[in-house]
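Whenever a hint applies, use it, and build me the whole structure from the sequences.
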Amino acid sequence: MAAFDRIDGIADGIGRALMGLAGIAAGFALIEALWSLGSVPAETLWIELWRALGYGVFSLLYFMLALRPRRAAGIWEVSFFHKAALGVSALFIADNAEAAAAGPVDAGLAAATLVAYGLTRGWRSWQS
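Under our numbering, think of the first position of the sequence shown as 1, with each following residue one higher.
Because the hints were derived from the structure by calculation, they are not lab data.
One or more hints might be untrue.
Pair ranges (Cβ atoms, derived) [to be verified]:
1) Arg-71 to Ala-97: 34 to 44 Å
2) Phe-28 to Glu-98: 33 to 43 Å
3) Ala-100 to Val-57: 20 to 30 Å
4) Trp-50 to Ala-11: 34 to 44 Å
5) Ile-31 to Phe-92: 25 to 35 Å
6) Val-57 to Asn-96: 16 to 26 Å
7) Arg-51 to Phe-81: 15 to 25 Å
Glycine included, C-beta positions come from ideal geometry on N, C-alpha and C.
Below you can see the structure in the form of structure tokens.
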């Protein structure tokens, strides 16, 4: 087994903790978004509900990665791609207030996902 493929208990724990914290943060975002649905205009209710449920999906994905980092083939990569794509997209529409606020958060989540992927050796999920 190559040195870069060896699982270190401390690094693994840090990577799992990063994904657990991301799951908690997304869970709080879900609660806040659901709470605010009562005050959104009817014409934006659907998109706000869609956004809220997206927080729920990502909360669960991050918890799955925290609990079973080497049994989540594809989840790491899709989660990273989504957050990185939003972070980069926000750079191109920085004059949009929502993009300016959410872009750095998504970029940070992409970075945390990438770091956790390395620390937990998430790529090994493709071997099992």
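*Range hint 34 to 44 Å (beta carbons of Trp-50 and Ala-11) holds or violated*: Between Trp-50 and Ala-11, where Cβ atoms are some 36 Å apart, the hint holds.
*That 34 to 44 Å hint for Arg-71 and Ala-97 (C-beta), does it hold up?*
39 Å, holds
*asked:* Assuming the hint says 15 to 25 Å, is it satisfied by the Cβ distance from Arg-51 to Phe-81 or not?
replied: 18 Å Cβ-Cβ, so the 15 to 25 Å window holds.
*asked:* Quick check on a hinted range of 20 to 30 Å for Ala-100 and Val-57, using CB atoms only.
replied: With a Cβ separation near 24 Å, Ala-100 and Val-57 satisfy 20 to 30 Å, so the hint holds.
*Indicate whether the distance between the beta carbons of Ile-31 and Phe-92 respects the range 25 to 35 Å.*
30 Å, holds
*Hint says 16 to 26 Å; check whether the CB-CB distance for Val-57 and Asn-96 agrees.*
About 23 Å separates the Cβ atoms of Val-57 and Asn-96, which means 16 to 26 Å holds.
*Should the hint that Phe-28 and Glu-98 are 33 to 43 Å apart at their CB atoms be regarded as holding?*
Since Phe-28 and Glu-98 have Cβ atoms about 18 Å apart, the given range 33 to 43 Å is violated.
Violated hint: 2 only; the structure is consistent with all others.
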